Each structure stands twice: as C-alpha cells, then as structure tokens.
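A.B. asks: Listed below are the residues making up each chain.
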Amino acid sequence: MTADLLLFAAVAFAVFGIAVLRWAWGLARRSHAITGGGWLLVLLGTILGWLGDGAWGTAIVALGAMTTALALLAFAASTSKPGKVPASTRRTGMLPEGDEPKRIGARTLTFVLAGLVCAVVSIGIAVAANMLAKALGLGAADALALAFFAMPLAWTVLSYAVLMATERRRQIRILAYASVPSWVVATMAVMT
Amino acid sequence: MTNAPEPSTIKRALTSHAAIGLLVGALLYVVCLTGTIVVFFAELQRFEQPHVPEMRTISPDAVQRGVEAVLARESAKPASGHMYVHLPVEDLPRATITTDSGAVHLQPDGRLANDEQVAWSDFLVALHYTLNIPGVIGITLVGALGVMILALSLSGVIAHPRIFRDAFRLRARDTGGLALADWHNRLSVWSLPFSVAVALTGAVIGLASLTAYVMAARDHKGDLEAVYAPIFGAEGKPDKRKAAAPNVGAALAYMAAHYPATTVTYVIVHEPATVGQEIQITAEHPRRLIYGENYRFDAQGQFRGTVGLSDGAVGQQIASSNYRLHFGTFAGLPVKLAYLVFGFALSAICATGTYIWLGKRRRRGHHEPRLLKAWDAVVWGAPLALTLTLLGRFAIGNAAPFALIFWVGQAVLIAAACAPFDPARFRKVLQVGLAVCLVLAVVVGAAR
Numbered sequence: 000m001t002a003d004l005l006l007f008a009a010v011a012f013a014v015f016g017i018a019v020l021r022w023a024w025g026l027a028r029r030s031h032a033i034t035g036g037g038w039l040l041v042l043l044g045t046i047l048g049w050l051g052d053g054a055w056g057t058a059i060v061a062l063g064a065m066t067t068a069l070a071l072l073a074f075a076a077s078t079s080k081p082g083k084v085p086a087s088t089r090r091t092g093m094l095p096e097g098d099e100p101k102r103i104g105a106r107t108l109t110f111v112l113a114g115l116v117c118a119v120v121s122i123g124i125a126v127a128a129n130m131l132a133k134a135l136g137l138g139a140a141d142a143l144a145l146a147f148f149a150m151p152l153a154w155t156v157l158s159y160a161v162l163m164a165t166e167r168r169r170q171i172r173i174l175a176y177a178s179v180p181s182w183v184v185a186t187m188a189v190m191t
Numbered sequence: 000m001t002n003a004p005e006p007s008t009i010k011r012a013l014t015s016h017a018a019i020g021l022l023v024g025a026l027l028y029v030v031c032l033t034g035t036i037v038v039f040f041a042e043l044q045r046f047e048q049p050h051v052p053e054m055r056t057i058s059p060d061a062v063q064r065g066v067e068a069v070l071a072r073e074s075a076k077p078a079s080g081h082m083y084v085h086l087p088v089e090d091l092p093r094a095t096i097t098t099d100s101g102a103v104h105l106q107p108d109g110r111l112a113n114d115e116q117v118a119w120s121d122f123l124v125a126l127h128y129t130l131n132i133p134g135v136i137g138i139t140l141v142g143a144l145g146v147m148i149l150a151l152s153l154s155g156v157i158a159h160p161r162i163f164r165d166a167f168r169l170r171a172r173d174t175g176g177l178a179l180a181d182w183h184n185r186l187s188v189w190s191l192p193f194s195v196a197v198a199l200t201g202a203v204i205g206l207a208s209l210t211a212y213v214m215a216a217r218d219h220k221g222d223l224e225a226v227y228a229p230i231f232g233a234e235g236k237p238d239k240r241k242a243a244a245p246n247v248g249a250a251l252a253y254m255a256a257h258y259p260a261t262t263v264t265y266v267i268v269h270e271p272a273t274v275g276q277e278i279q280i281t282a283e284h285p286r287r288l289i290y291g292e293n294y295r296f297d298a299q300g301q302f303r304g305t306v307g308l309s310d311g312a313v314g315q316q317i318a319s320s321n322y323r324l325h326f327g328t329f330a331g332l333p334v335k336l337a338y339l340v341f342g343f344a345l346s347a348i349c350a351t352g353t354y355i356w357l358g359k360r361r362r363r364g365h366h367e368p369r370l371l372k373a374w375d376a377v378v379w380g381a382p383l384a385l386t387l388t389l390l391g392r393f394a395i396g397n398a399a400p401f402a403l404i405f406w407v408g409q410a411v412l413i414a415a416a417c418a419p420f421d422p423a424r425f426r427k428v429l430q431v432g433l434a435v436c437l438v439l440a441v442v443v444g445a446a447r
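Those protein sequence lines, which keep their order, are chains E and B. Going by numbering that gives the first Met the number 0, the first sequence opens with residue 0, and the numbers climb by one from there. Going by numbering that gives the first Met the number 0, the second sequence opens with residue 0, and the numbers climb by one from there.
It is possible that some hints are incorrect.
Cβ-Cβ distance ranges computed for the label pairs, FRET-style [claimed, not checked]:
#, chain 1, residue 1, chain 2, residue 2, range
1, E, GLY136, B, ASP108, 50 to 56 Å
2, E, ARG168, B, TYR322, 39 to 45 Å
3, E, SER30, B, PHE343, 29 to 35 Å
4, B, PRO77, E, ALA134, 51 to 57 Å
5, E, LEU108, B, ARG363, 23 to 29 Å
6, B, TYR322, E, ALA175, 34 to 40 Å
7, E, PRO81, B, GLY364, 23 to 29 Å
8, B, LEU339, E, GLY35, 29 to 35 Å
9, E, ALA134, B, LEU111, 40 to 46 Å
Rather than coming from a laboratory, the hints here were simulated on the basis of the structure. Computed from a predicted structure; not experimentally measured. The beta carbon of each residue, even a glycine, is placed where N, CA and C say it ideally should be.
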C-alpha cells in the first residue's frame with residue numbers, strides 16, 4: 000500500500016513537471032525559474048520512483064512522463080494552425096550535388112572507420128574495462144556487466160567522434176588514442 | 000554568453016546524423032517496426048494458434064505428468080540438450096513443453112494436447128533479433144543498429160540546439176516540409192529516454208557475444224559459457240548415461256511452499272533423462288525489472304540455491320534487467336501499450352528522417368522520384384510484407400516460408416520503385432494494399 004502510494008506520488012510529480020515545462024516553454028519570455036522548477040519536479044518524481052521501487056519504479060515514472068509529453072504534443076498538433084514557414088534546405092553533404100566529385104573511396108573509408116574499426120576498438124576498451132574493474136577489486140559479475148555495457152557505449156561515442164572530425168588525420172588520431180586499451184590487453188595476453 | 004554549440008559543430012553533427020540515418024535507415028526501420036509488434040509476442044501466439052487448452056495455473060503433479068509424457072514420447076529420438084516447460088502466466092495462460100524435437104501444449108491435468116504451431120510469431124521475433132540472418136552475424140548486426148540509434152540520438156541532440164526549447168512546438172499543419180521536421184524532432188525529444196533505453200539494452204543483448212568471444216579466447220580457452228557464468232550461473236557437468244525423469248513436480252511444490260510471492264514462468268531441465276540432469280526454475284519477482292531469479296534444483300527436486308539475479312551482485316541484477324526493459328514486459332498491459340506507442344514513434348522517427356533529407360534535396364532542386372518511391376517501398380512496404388507473411392500463415396500453415404515471403408516481397412516492392420510510376424500514386428497503392436491486407440488478415444484470423 001505504501002509502495003503504491005509512493006509510486007503514485009512519483010508519477011504525479013513527473014507528470015506535473017512535464018506540465019510545468021509545457022507552460023514554461025510556451026511563455027513569451029523565457030523563465031529559468033519555471034523551467035528549472037519543471038525539471039526539478041521530474042527529477043523529484045524519478046528519485047521517488049527509485050526510492051520506492053528501484054529501477055522498476057524509475058522506468059514506470061519515465062513512461063508516465065513521456066506519455067504525458069506525447070499527449071501534450073498530440074494536443075499541440077491538433078490545435079496547430081495552417082502555416083507556410085519555409086522549411087530548412089540546409090545541406091547535410093551526404094550526396095554530391097552538381098559537378099561535385101563523388102568521393103566514393105573517401106566515404107567508404109569513413110564508413111569503415113566509424114563502423115568496423117570503432118567496433119573493434121570498442122571491444123578492446125570493453126575487455127580492458129573488465130580487467131581494470133577486476134584489478135580494482137570489483138566482483139566478476141560486476142566487471143563482466145561493465146564490459147558488456149562499455150562496448151556499445153564506447154562504439155557510440157567513438158563513431159560520433161570520428162564522424163565529427165573534419166580531417167582524416169584527426170579521425171585516425173582519435174582511433175589511435177582509443178585503441179591504447181586494446182594494445183594493453185593484447186600485450187598482457189601475450190605475456191601471460 | 001550562450002551554451003549553444005558552434006555553428007560548425009551543429010553542421011557537422013547534422014551531417015553525421017544524416018550519414019548514419021541514411022546508411023542504416025531501412026534496416027533500422029524494420030527492426031523498430033518488428034520490435035514494436037513483438038512487444039505483444041504472447042498475445043500474437045494466442046492469436047496465431049487459438050485452439051489450445053488455457054488455464055490460470057497448473058499443479059506441480061500435472062507438470063510432472065507432462066514432462067514424463069514428453070520424455071516417453073521422445074525416447075526413440077536423439078536426446079534433447081534442454082527441456083523448457085512454459086507455465087501459464089497472465090498474458091499467455093498456457094503450459095507448453097519444448098525440446099530440441101518440437102513443442103507440445105499440455106492439458107490442465109498434464110496430458111499432452113496439440114503441438115505448438117506458432118512459427119509466424121517466432122518468425123517475427125527472429126526478424127527483430129537477427130533480421131533472419133543465421134548465426135552470430137544477425138544478432139550482432141541488430142546490436143550494431145542499437146549503437147546506431149544511440150549515435151543518432153547523440154548527433155540529433157547536438158544538431159538541434161533548440162530541440163528542448165521547442166519541445167512542444169508542433170506545426171503539424173505547415174506545408175513545405177516543416178510539419179514533417181517538427182514531428183521528427185518532437186517525437187525524438189519526448190521518446191528520447193525510451194529510445195536510449197531500448198537501443199542500449201538491444202545493443203548490449205546483440206553485441207555481448209562479441210566481447211564474450213574475446214574474453215573466452217583470452218581467459219577461458221574458448222569456453223563461452225564460462226564467460227557468462229558469473230552472471231547467469233554455470234550449468235552442471237553433463238553425464239549422458241540414461242536416468243529416470245527428473246522430479247519437476249517436487250521442485251515446483253518447493254517453490255509454491257517457499258517462494259509464494261514469485262510467479263514461476265519456466266522450468267528448464269538441463270540434459271533431461273540423463274544422470275547429469277538438473278532442474279532450473281525461473282520465477283518473476285513483483286515490481287522488478289529482472290526477467291526473474293533462477294532457482295536451481297537437483298534431479299530429485301531438492302533445492303540447491305539461487306543464481307543471484309534478484310539479490311546478487313549489481314552486475315547480475317543489471318544484466319538480467321536488460322530483457323524486460325527492452326521488450327516492455329515488466330508491468331502488464333499498460334506498459335505494453337506504452338511501448339506500442341513509443342515503438343511506433345521510434346519507427347516514425349526512422350521513416351521521417353529520410354523523408355526530411357529527400358525533401359531538403361528536392362527544395363534545392365534535386366528531384367529524385369526513384370529514391371522517394373524506394374523509401375516509400377520500405378516505409379509502407381515493410382508492414383505490407385509483414386501482413387503478407389500473416390496471410391501466408393493462414394493460407395499455407397505453420398510451414399509457410401515466412402522469411403522468404405517477407406524479404407522477397409520487400410525486394411519486389413523496392414524494385415517496383417524503379418519503374419516509371421507516379422510517386423504519389425505509388426505511395427497510395429502501397430497504403431491501400433496495406434489497409435486491404437490488414438483488414439483481410441484480421442477478418443480471416445477472427446473467423447478461424
């Protein structure tokens with residue numbers, strides 16, 4: 000019963016927080032206090048959800064907040080007025096335009112670096128994280144879970160960093176630095 | 000002073016956002032769409048095979064009778080490595096025993112009923128998990144798509160500095176591409192926690208084997224099971240000599256007496272009917288994200304202990320929480336419905352991303368009707384091809400070649416996009432075709 004009440008309060012805080020954010024972002028002049036208050040309510044709901052039911056409670060609170068936001072969004076869509084604001088024509092540079100060279104080789108190399116090479120480097124980071132965690136005294140299960148989560152997260156950050164780099168040399172430098180853990184793992188494997 | 004990123008950073012982020020989205024958009028869309036549907040895997044099984052004995056509970060003795068009956072039936076067949084007994088739960092109130100040779104439903108008293116015939120539901124899950132690519136390649140590819148969603152989320156937030164300020168601004172009736180961009184951006188913002196959660200858990204599920212292979216080679220002489228043992232527990236030593244049926248009934252009776260607050264979902268017998276056999280019971284804990292705790296018993300049904308997924312190391316609890324968080328099966332129908340809505344939102348984000356890119360190119364004077372039609376063939380064609388697989392299930396039966404129907408259907412539709420059809424008419428034909436097939440599938444399904 001107490002747990003149910005706590006969860007209800009947690010979801011209510013988060014839902015109210017989203018409503019406050021909707022109000023804050025609809026004001027003619029930006030109010031940091033109201034926006035901050037909205038975020039604080041969402042945070043409070045999340046904390047209550049965690050205190051009451053751990054990860055399960057947090058997940059329920061997050062779904063409640065997101066559902067409220069989608070409902071408000073649906074209302075915004077249903078009440079929006081017809082308009083003719085010109086949409087963006089911003090170039091993303093994905094395909095050549097006009098007489099621009101196709102640069103298929105360079106694009107393929109970028110794909111290989113951001114995809115395959117980043118994946119391999121991320122595995123090295125994950126295995127190194129596992130070794131380091133064990134060396135720092137973490138249990139085998141904790142170190143293993145850390146490695147399983149580290150791999151996709153490292154891949155995400157690395158591929159983003161590689162794609163954000165404007166020069167090939169910088170992309171390779173990022174990957175070289177990131178591959179240091181892999182070399183450490185490989186060296187230790189050879190030595191043992 | 001402003002916290003907004005530099006214009007060059009924004010431009011670069013937009014480029015990388017577009018690059019990732021365009022490269023993997025089609026596969027991402029198929030994975031998101033099928034993921035949304037398989038949230039209702041239990042309900043789909045009941046829809047696919049309606050005439051099956053259903054029950055709210057089943058007694059330990061009845062399960063024991065079922066296990067013995069299946070082992071007797073399969074005594075002449077090659078030995079099964081594992082036997083899975085699904086016990087009736089709220090969304091799938093059926094008892095089903097699965098071995099390497101097949102699956103059979105049970106009557107409430109434990110007698111064998113009809114064979115399980117849910118190949119279409121299984122196909123949907125396989126399509127989502129592996130894109131029907133066998134071996135470790137398929138699941139790794141889908142895991143990599145999870146990483147791509149994470150990278151798209153990151154680059155998307157960086158590329159749109161006003162993404163939170165405009166979070167409730169939805170000019171749905173604007174013409175000229177703005178409405179589409181607003182839908183894409185607003186849905187992305189408000190489904191961000193959901194997208195990150197399902198992408199990360201999906202990526203971990205899909206890519207864990209890559210890291211595990213390296214660790215197995217480095218630390219365990221290639222033994223993959225040994226890598227996972229600290230989290231999910233190790234299996235006993237196999238001893239293939241024949242033995243009597245395991246006492247599953249005793250193990251279930253122990254669970255009812257000592258863990259009444261849990262919901263037993265599965266009984267797994269490792270190496271059934273051999274000297275080395277072991278019983279493992281998986282039971283859900285209320286208000287937890289973990290898929291359950293594994294309770295281990297010997298062949299006589301004597302309790303040996305738990306693996307620790309519910310109260311062991313934090314790493315065990317986190318790793319075992321991946322699955323229910325990913326599939327939205329942690330709080331009954333309301334959460335499943337929320338996952339349905341957010342899943343469709345994520346699919347719509349994938350679909351609109353490419354439409355936005357094509358629209359920008361069109362406004363800069365690059366008319367690409369074939370590309371537009373090809374993308375329409377993916378967006379409207381994928382659900383159409385999925386519906387055709389369901390109609391194939393009704394017309395041909397459980398043995399219908401679902402993967403072939405889906406992938407050939409999808410390829411034919413994309414090839415048709417190259418023909419000189421009018422883009423608007425092409426899209427209309429796909430939409431009408433999808434609507435007709437859906438209605439047909441529902442009518443035929445309900446009439447069975």
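A.B. asks: Now tell me, hint by hint, if it's right for this structure.
C.D. replies: Cross-check of the supplied hints:
The beta-carbon spacing between GLY136 (chain E) and ASP108 (chain B), approximately 54 Å, falls within the hinted interval of 50 to 56 Å. Hint check: ARG168 (chain E) to TYR322 (chain B), Cβ distance near 42 Å, so the stated range 39 to 45 Å holds. For the hinted restraint 29 to 35 Å between SER30 (chain E) and PHE343 (chain B), the CB-CB distance of approximately 34 Å keeps it satisfied. Range check, PRO77 (chain B) to ALA134 (chain E): about 45 Å between beta-carbon atoms, so the 51 to 57 Å window is missed.
Restraint check, LEU108 (chain E) to ARG363 (chain B): a C-beta distance of roughly 26 Å satisfies the suggested window 23 to 29 Å. At roughly 37 Å, the beta-carbon separation of TYR322 (chain B) and ALA175 (chain E) lies within the given 34 to 40 Å, and the hint holds. Distance hint check for PRO81 (chain E) and GLY364 (chain B): the Cβ-Cβ separation is about 26 Å, which falls inside the suggested range of 23 to 29 Å. At about 33 Å, the beta-carbon gap between LEU339 (chain B) and GLY35 (chain E) stays in the expected band of 29 to 35 Å.
For ALA134 (chain E) and LEU111 (chain B), the Cβ-Cβ distance of about 54 Å falls outside the hinted range of 40 to 46 Å, so the restraint is violated.
Violated hints for the displayed structure, listed by number in ascending order: 4 and 9.
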